[in-house]
Amino acid sequence: MITNIKHKDVCKYIPVESLIGKNFFTPNTVDIGKEKVLLYIPKLPLNINYEFDYIHKKGKTNQEDALKTYQRVLEAKKIITSKLINEWVILFYNNDPLSKQIAWLITPKLLNVYLLHLNNSIKEKGLKNAITERPYIEITTDEERNYITGLKEEYFNTVFISVEAFLQKSLREVKYIWREFANWFLTNLIVMALEWLESNFGKEALDSMNKEQRVQILNNYLYNDALVFSGRYRYLVGMYVQDLARAIVKSIDLTNPSMEELEIILGLRALEGKNQDVKISLHIDKSMESPFSGSLLGVGNCLLYYRFREVLAISGFTIPEGESWPTANLTTGNRKLRAIVQLRPDPVDVEPYLSNTEIIAWQKRMRQNVMSMDDVTADVVDIVSAIWLKQASHYEDIATVTADDILGFRGLKPQKNGAGRRGGYKNVWRQEIARHIAILANTWIVVAEMDVTEEVEGKKGRQRKRVKWQGESKAWVVDSNSEQGTMEGKDSYVWRVRPGDVFSKFLFGAGRQTALISQKAVEYHPINQQWEKRLTRYLTWQWRNRQGGGAYLAPFNVETLLNAVNKEVSKHNPIQTKERLEKALDILQQDHIITGWQYESVNEDIVGTKGWWKEWLIWKVIIEPPQEIMDHYGKIREPKIKKREAHPTCCQDRTATFMGPIVKKARLQSGLSQMQAAEEIGVDQSTMSRLERGKATDGRTRHLLKKWLEER
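Going from the sequence shown to the working numbering is simple: count from 1 and add 6.
The hints are simulated quantities; they were obtained by calculation from the structure and are not laboratory data.
Some hints here could point you the wrong way.
Heads up, simulated DSBU-like pairs for lysine-lysine below, C-alpha to C-alpha not over 35 Å straight-line [to be verified]:
#1 K342 with K471
#2 K342 with K526
#3 K89 with K670
#4 K342 with K370
#5 K432 with K209
#6 K474 with K573
#7 K432 with K370
#8 K573 with K584
Across the chosen pairs, the derived CB separations fall in these ranges [stated by the list, open to error]:
#9 Q596 with M215: 25 to 33 Å
#10 E634 with I612: 31 to 39 Å
#11 D611 with Q469: 50 to 58 Å
#12 K577 with Q469: 51 to 59 Å
Note that CB positions come from ideal geometry on N, CA and C, so glycine has one too.
Between the sequences and the hints, there should be enough to build the whole structure, so can you do that?
This is how it looks when you write it as structure tokens:
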């Protein structure tokens, strides 16, 4: 009998735990029904980061290796073409190397959670009511006469096959997974090959070769030995499976699962003779990019998170009359959020036991924290959020963060040692990161009122509902701070962190609100590139908020952008302010954070005339996000709200909405942004945006579109 495990963390899922103790490339023969399946799964350490598998294979974790890998990733991306990715997508999609291995990893976990909840049901409803029509369940008792539920062993193969079938069907529906997998697989395969080439030929020799020579050597390494390639293939598939299994379990949400859904996935409803044809969709939030790839990071995006990060960046704390601790107001003008943030010791465990002398010392320390606060503090919040979102599979999970991680994310390079090679980071840099972590450790947020999304049981099953929430907690809980010896004998700063209750509701579960931010935001210099850093944060927040309506090209007022960077027009030299904003937008375009920008219908002739800057403040700026951001957010499904369908009028051709995908495809093939295409076609940007979202348009616009398509 397979029984449920009695453990407080039964709802947490770390797939790699099942691999501990196995040797590298150990073949595992598994009986699945009448079939014997051979699984090759590598030995991996816990808390692994799966992006750079060959680093873990060799046991290397220092920053120099990660930065070398980053260079190889960039080289691999130059080699990989869309045609090559498409070929592998077809191969993977038709042969599905993922579902069987994922099923083997997650079936025991799903079964354990189901049995745990069945035990709870027995306690609430009684034994007879809980196990009626469940012939696959076996009941025993422990020494204290408590019931223990278990699955009869003869049903395990049936359950496994059902989970595999569920995964096969679900992954075929989540088609972007196959493209991400193909891209990840090819990138890692080529990165491994580049490392081999560098070690055998030397980087200088490789750099001196022409493209054809390098491609020929690369192909020989990758494909000439079928047995070796097969080993690399199994290894990479096994690596990816671990991460995807975690994402799938997170999608199912084992913290508060539906018994009906679990029974369907496990195939138990079919064993009871009940209807198994109930639609269950996986909403997998995946990102297989390297943490040092200069691409996109997942961060919080709720209003509370944005306001908190904004206050940290500008050090917007004061000590109001009647307060003992530095305080900042997070309340918004529309009152959708009413909250404050304070720097103070723990109000329960520490503050009541402090003497007057100790309180004065704490207050001095908190004031010093305010003085130390700047854009790097906000960067640390984003980096910690990104690391936690990557590692967590439960809202109470604790992530491990090091000062070196944070410095690596910020794009800083380790110093060279005496031999001229990359060593470690300066200790003073690590100490600076430790100061910012200390600020977070003593930051408390008090929420008087804000909206959160929760899942509640309704007449039609579990439903999402917006509710009012109030409470207080630390912004981030820093459970421990330790200094570990490194190979060089120096100190390495390590923390174990998790979000406080005020943020956990927005970073995990039904109310999750996250966004993708360019890693450039945390790499930009906190002083010299402050405009670029703050604009990136603001635009990231806005694009995610605009995802529902797709109004990405809705213009911003100049004054709004200045407020976002906490700047005012220089009354003595307003042209300087204008040029600095435009320079920042140009840099964001060069760094691919935005696709393009332009003013909307303005009169440049007024610039330099008396008081011209007052009119400039209300000028409108159109800023286009990257296509990958729009595509990513386009996959997010909003909660279904029943609306009355609008019938097309005589001005709205029923076939007009089908032009959107055609125009978008032609635009992307031509390498045009939405703004550039709109200008060529002769329509405004908002019309272009609506068209690509499938909205109907008028006869004049359709005529312009057809003419433009015919000319391509």
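Consistency of the hints with the structure:
Between K342 and K471 the CA atoms are separated by roughly 16 Å; this keeps the pair inside 35 Å, and the hint holds. About 30 Å separates the Cα atoms of K342 and K526, which keeps this hinted pair within 35 Å; it holds. Distance hint between K89 and K670 is fulfilled; the C-alpha atoms sit about 19 Å from each other, no more than 35 Å. Taking the CA atoms of K342 and K370, the gap is near 33 Å; set against the 35 Å cutoff, the hint holds.
About 27 Å separates the Cα atoms of K432 and K209, which keeps this hinted pair within 35 Å; it holds. In summary, the hint linking K474 to K573 is supported, as the alpha carbons are separated by about 34 Å, within the 35 Å threshold. Proposed proximity of K432 and K370 is supported: the alpha carbons are some 28 Å apart, at most 35 Å. Simply put, K573 and K584 have alpha-carbon atoms about 11 Å apart, close enough for the 35 Å limit, and the pair holds.
Q596 and M215 have their C-beta atoms about 30 Å apart, which keeps the hinted 25 to 33 Å range intact. Taking the beta carbon of each, E634 and I612 are about 37 Å apart, inside 31 to 39 Å as hinted. About 57 Å separates the C-beta atoms of D611 and Q469, a value consistent with the hinted range of 50 to 58 Å. Checked against the hint of 51 to 59 Å, the C-beta distance between K577 and Q469 comes to roughly 54 Å, which is consistent with it.
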